[in-house]
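Participant: Listed below are the residues making up each chain.
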Amino acid sequence: MKTQLIYNGKELELDVSLGSGQLPDGSTHQADVSAESNGLRTLTVDGRRVTLAISSNSSAIEVSYEGRTYKFDRPSVGKSRSGKAKTGSLQTPMPGIVSAVMVAEGDHVEVYAPLMVVEAMKVMATLEAPFAGVIKKLHASKGSQVKQGETLVEMEPLTPTEERS
Amino acid sequence: MKTPFRKLLIANRGEIAVRIIRACQELNLPVALAASEADMNSPAARLADEVICVGPGPASESYLRQDKIVAAGREVGADAIHPGYGFLSENADFAEASEEAGITFVGPPSSVIRLLGDKIRAKNLMAESGVPVMPGYTGENQADDHLLLEAENIGMPVLIKASAGGGGRGMRVVREIDQFLPELAEARREAVAAFGDARVLLEKYVERSRHIEVQIFGDSHGNVVHLFERECSIQRRHQKIIEESPSPVLTPEVRQQITSAAVTAGRAAGYQNAGTVEFLFDESLSGDHKFYFLEVNTRLQVEHPVTEMLTGIDLVKLQLKVASGEPIGLEQSQIGATGHALEVRIYAEDPARQFLPSIGDLACWVEPQGPWIRVDSGIKAGGEVSPYYDPMLAKLIVRGENRSDTIHRMISALKQFHVLGVTTNIGYLLDIVSDEVFQSGQISTQFLAERFADWKNPTEPPVEVLIAAALASMERTATPSRGAKSPTKSTDNPWSDASGWRLLAGTKS
Chain A
1 MKTQLIYNGK
11 ELELDVSLGS
21 GQLPDGSTHQ
31 ADVSAESNGL
41 RTLTVDGRRV
51 TLAISSNSSA
61 IEVSYEGRTY
71 KFDRPSVGKS
81 RSGKAKTGSL
91 QTPMPGIVSA
101 VMVAEGDHVE
111 VYAPLMVVEA
121 MKVMATLEAP
131 FAGVIKKLHA
141 SKGSQVKQGE
151 TLVEMEPLTP
161 TEERS
Chain B
1001 MKTPFRKLLI
1011 ANRGEIAVRI
1021 IRACQELNLP
1031 VALAASEADM
1041 NSPAARLADE
1051 VICVGPGPAS
1061 ESYLRQDKIV
1071 AAGREVGADA
1081 IHPGYGFLSE
1091 NADFAEASEE
1101 AGITFVGPPS
1111 SVIRLLGDKI
1121 RAKNLMAESG
1131 VPVMPGYTGE
1141 NQADDHLLLE
1151 AENIGMPVLI
1161 KASAGGGGRG
1171 MRVVREIDQF
1181 LPELAEARRE
1191 AVAAFGDARV
1201 LLEKYVERSR
1211 HIEVQIFGDS
1221 HGNVVHLFER
1231 ECSIQRRHQK
1241 IIEESPSPVL
1251 TPEVRQQITS
1261 AAVTAGRAAG
1271 YQNAGTVEFL
1281 FDESLSGDHK
1291 FYFLEVNTRL
1301 QVEHPVTEML
1311 TGIDLVKLQL
1321 KVASGEPIGL
1331 EQSQIGATGH
1341 ALEVRIYAED
1351 PARQFLPSIG
1361 DLACWVEPQG
1371 PWIRVDSGIK
1381 AGGEVSPYYD
1391 PMLAKLIVRG
1401 ENRSDTIHRM
1411 ISALKQFHVL
1421 GVTTNIGYLL
1431 DIVSDEVFQS
1441 GQISTQFLAE
1451 RFADWKNPTE
1461 PPVEVLIAAA
1471 LASMERTATP
1481 SRGAKSPTKS
1491 TDNPWSDASG
1501 WRLLAGTKS
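Sequences listed follow chains A and B, in order.
Just so we're aligned, residue 1 is where the first sequence starts under the working numbering, counting upward by one.
Just so we're aligned, residue 1001 is where the second sequence starts under the working numbering, counting upward by one.
Just chain B, with the same shape it has in the complex (with noise of 0.2 Å):
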């Protein structure tokens, strides 16, 4: 595949732009990376051809200016701009500016960005294009007593969604009808300050769904194909964590509708490059329609690998095909998935500790390697883990036959994993792809509150932990403390004699 680009500008950072620069490398696309401060030297920044300072640490100064990133493209002479997710991406007045600008938006044109962005218009659209839409209330009328009175038609309880929303932000559930205009108020208050938007629509409620989206790909030349679903029902706090392909609860005739309810969709919007569709699926329903459309995310999504592990296809090469003016040139027919796919997110948090995020400097960070098992990262050991941005570290993707043998590469892979110097959630990762109901596929998104609420780290070292502790603490005594300067024999250090020091350990407590 060539690509007919000159220079790939990425907005963007971590992990996902590693995996952006992998792409042009086989394309053999030169790459220029705009970069924060805190980023100039990340794994990332080492592996562009040229890395460009776009402003200080904290993203609304550096990733979040639009400004300052389409100058970044200018300088370097890019003739397309990548955005990641996140950030910009999914914004229609940065798409602009850098079509304004002659630079080739990676993704949508911004007008389809626009239209799907606001949640009121793409729901209304879905429904006169026969996707089936949640039941609920997208009309003009946005007066607080009106708005009571579709409330209640609904019935409770029911979910107040700001239009312009997105990730949780503006989201409110109500399951008391006198608590509606309060939090109506509250839901306003959050998407005027964080959309400049006041305007909700109002759904039906499901309390026990799965989230079930479905990749779509779109072109300049009308075509809109679909590359089967992913489930991410194993989220906390609308933050995905784990995510798969296939579902474990569709049928083939379910996927079959789902599928093309979303090429519809796509089709209806005019969509072009990578897009994910979301659904709301929800078991209990009886008869044919057991899945909803939420919404539309107009951008290269986080859990993009599981796709690609199934389905074979690079996701990131196709959306600079598609950006160059191409057709996607894959009928549907040709697109095929084959054995699951599962995804976990490796977090610098602390799940026994209300997952507060930890930072500082990575002691260790070793992958884990082996057959079907892919690792999306952007640090590296000594690196450091900043305050300014997500606390994602990287993704880790595994293949396998089936479910259970996927389950069982994910559990394996996991155990050696190596992370030190920040505080992770490999260890609650673990132990919610070694549990039973998450291994019996009945999942929901209350998943996570229902069995996960109050989880711990387990309380006793094994004696294979205890002893390694005792060898390491040994040889800080063995460490002459004093002149420092001086390096450390060989001879005191068991670790560095690699051939094997023999010892007796014992413990007590």
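One chain only, chain A, in its complex shape (with noise of 0.2 Å):
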């Protein structure tokens, strides 16, 4: 079964079945995996056991392997190919005072760029872009006092998939 996944903005192809299986690169690993009562899993690949956590939901994987995390996202979120566009609607994720803005409306931006910085106490809050795209409003300014959940940033994608373009 062939699944997509992206990493880094680039998309993978992988294509895992059960039993045997002819894969198109050629390059073939036999896995085997069992969960451990940790949480963790271990995974048999090509009579290697390794140990790694995995997370996961709608919208993204999250692997940690080897004192390293690797961020997987789904294509099909934000990524729809039916047409419908897609809309980045940023909000903070704690309150307190808009320390950084890195953007302005109209500007381009890539996919995991920052956006904007709310800072509470010692700790610091980046809004980061969802998709690359263009930055459509800016609700807060520096200095901008806000609450949790309070919209900040909204995106439009780079390349609109609206019929009208």
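Hints listed in this document are in silico derivations from the structure and should not be mistaken for laboratory results.
Heads up, a few of these hints could be off.
[Stated by the list, open to error] No farther apart than 27 Å at their CA atoms in a straight line, the calculated lysine-lysine pairs in the DSS-like style are these:
| # | chain 1 | residue 1 | chain 2 | residue 2 |
| --- | --- | --- | --- | --- |
| 1 | B | 1415 | A | 71 |
| 2 | A | 147 | A | 136 |
| 3 | A | 10 | A | 136 |
| 4 | B | 1002 | A | 10 |
[What the hints assert, rightly or not] What follows is a set of in silico ranges between Cβ atoms, one per label pair, in the way DEER data are often shown:
| # | chain 1 | residue 1 | chain 2 | residue 2 | range |
| --- | --- | --- | --- | --- | --- |
| 5 | B | 1152 | A | 91 | 52 to 60 Å |
| 6 | A | 60 | B | 1369 | 45 to 53 Å |
| 7 | A | 60 | B | 1239 | 54 to 62 Å |
[Said to hold, decoys possible] If you want the footprint, here are the derived chain B segments under chain A, 3+ residues with CB under 8 Å:
| # | region |
| --- | --- |
| 8 | 1302-1314 |
| 9 | 1349-1359 |
| 10 | 1362-1375 |
| 11 | 1380-1388 |
| 12 | 1451-1461 |
Where a beta carbon is used, it is the ideal one built from N, C-alpha and C, also for glycine.
Using the hints, put the two chains back together into the complex; each one sits in its own frame.
Facilitator: As structure tokens, then:
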């Protein structure tokens, strides 16, 4: 079964199937997996056993392995091919004061680009672009006091998929 | 070991609260935890015998409220308060308020905290006592033009330090004399805002140096001993990240000098309880004095486990013993240190993106285990990293026979640390301890700025990770997305099949 994931903005196609199968690039790996009591997984890849942790939700998959964390995005989220426009409305995860605004309305930004920083106590939370796109509207400026969950930035995709384009 | 205290109030949170509770449990000392609303369900709150809420999440409304904490101590009937580190731990007024309420402050007397918290007075006292201090100016005349004159005498580069400062605040390096007055104004502004004290001292600034500190302990009977040194040169903007002992640079002769200087400093200040004498160590200097007194931290340090691993002495229990009026009970010759110990601090922050703190729910938190591996943490899987406090989540401490053995144990332990849900610095720490310069021991406080300023995560996930991610994405596909209430059948979920699940996976990008 083919599955698509996005890593660092790059699309990866992985083919995982039960039993044996021929894979297009010739790179095949045999794997067994089992769950450990502490929430970790033991994966046996080509006879080699490794331990890793996995967390997944509807939009992303995170894997922790050998001291590193790898984050994959699922293509279905915000990547609709059905002609539906994706919009990004970014909320602050915590109350605080906007300490930095890195973008202006109309700016083009890359995926993960930092857009705004909210600071409270010693902690800063950065709002990042969930996809490459254009800054539609900024609802706060440097020094603004914001409440938890308040929408601070609205974004639109860089290449609109709407029919009118 | 027994303690005469009836009940201890902990005025702190997170890993250090857990650490102190463990010592109390061993002493059969009932413990009450002063917690903010955000911490009422923390692991520390669950371990404590009782929890008393001292206010809302923000520290300024809870952990920094002396009145509420002293009142909490009275309410629970505590006869001792442990302040941990940070928050009110070095606040002389709080120590005094505790004592006045009849509650023993686990730390030095308030007069000693006050003396050592004033960097000008402390430095002058150390100089008089024969402890080597950095050349500079610690005079009463604080007029701008006079300080400018003193800066010219010291020579560039010069460091401006707030007398009441700490943790890098109110500190400015001046490299050009015409920048001195603007930087002085800036340092003063910061000092007044943070400490309400505009006085500054000037010091010769050393570009490349090591941070070496000595753990000392004093008691109310006039005894002062040292528990050897810790090197904390791996810092980012004055924030320690990695600490170790012994320092790879100290010869037995210099160790003897620096530890005796620390004991002299402690005696001069009339020191009691646990303290840390910080020194700047300049290898480029020839002759006898390669180190200079910086300051005394009048509290238990974050990195105290490094010393515990080497000496086998429980510093928290010793703090309680000394606070109760008993002598330390150990002669200097009875305190030994064997092997090597290394500590790394695990932060919820992203080293690849300007170290921005990361907050959220911990989907996974699995600590490494094994011989000579210690994890001091105050959170667990399912817990939340809240925006209110310092982003340090845990400390990982390992001990080994020698430095190289210890570094390899640390690498292995870091690889077994699994944290998901918030971004951590684990990969960054792994690369630092694997770095050849770090491993050679040729480190300085400039190390991170010089070698790790542009650190990035590895770009390509290994095949194991791709397979795991592919399986996780399949698991989702197999789970019915509608009718969320109905439990997922185990056959739909490859992870729940503990007998093993055979598959073939290939990758193509």
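Participant: Evaluate each hint against the coordinates.
Facilitator: A quick look at each hint next to the structure:
1. B:1415 <-> A:71: holds (17 Å)
2. A:147 <-> A:136: At roughly 21 Å apart (the allowed maximum being 27 Å), residue 136 of chain A and residue 147 of chain A satisfy the hint.
3. A:10 <-> A:136: Since the Cα atoms of residue 10 of chain A and residue 136 of chain A sit roughly 24 Å apart, the hinted pair holds (cutoff 27 Å).
4. B:1002 <-> A:10: violated (61 Å)
5. B:1152 <-> A:91: 52 to 60 Å: holds (53 Å)
6. A:60 <-> B:1369: 45 to 53 Å: violated (28 Å)
7. A:60 <-> B:1239: 54 to 62 Å: violated (30 Å)
8. 1302-1314: With 0 residues closer than 8 Å to chain A, the region 1302-1314 of chain B misses the three-residue bar; violated.
9. 1349-1359: n = 5 at 8 Å, threshold three: holds.
10. 1362-1375: Answer holds; 3 residues pass the 8 Å Cβ test.
11. 1380-1388: holds (count 3)
12. 1451-1461: holds (count 4)
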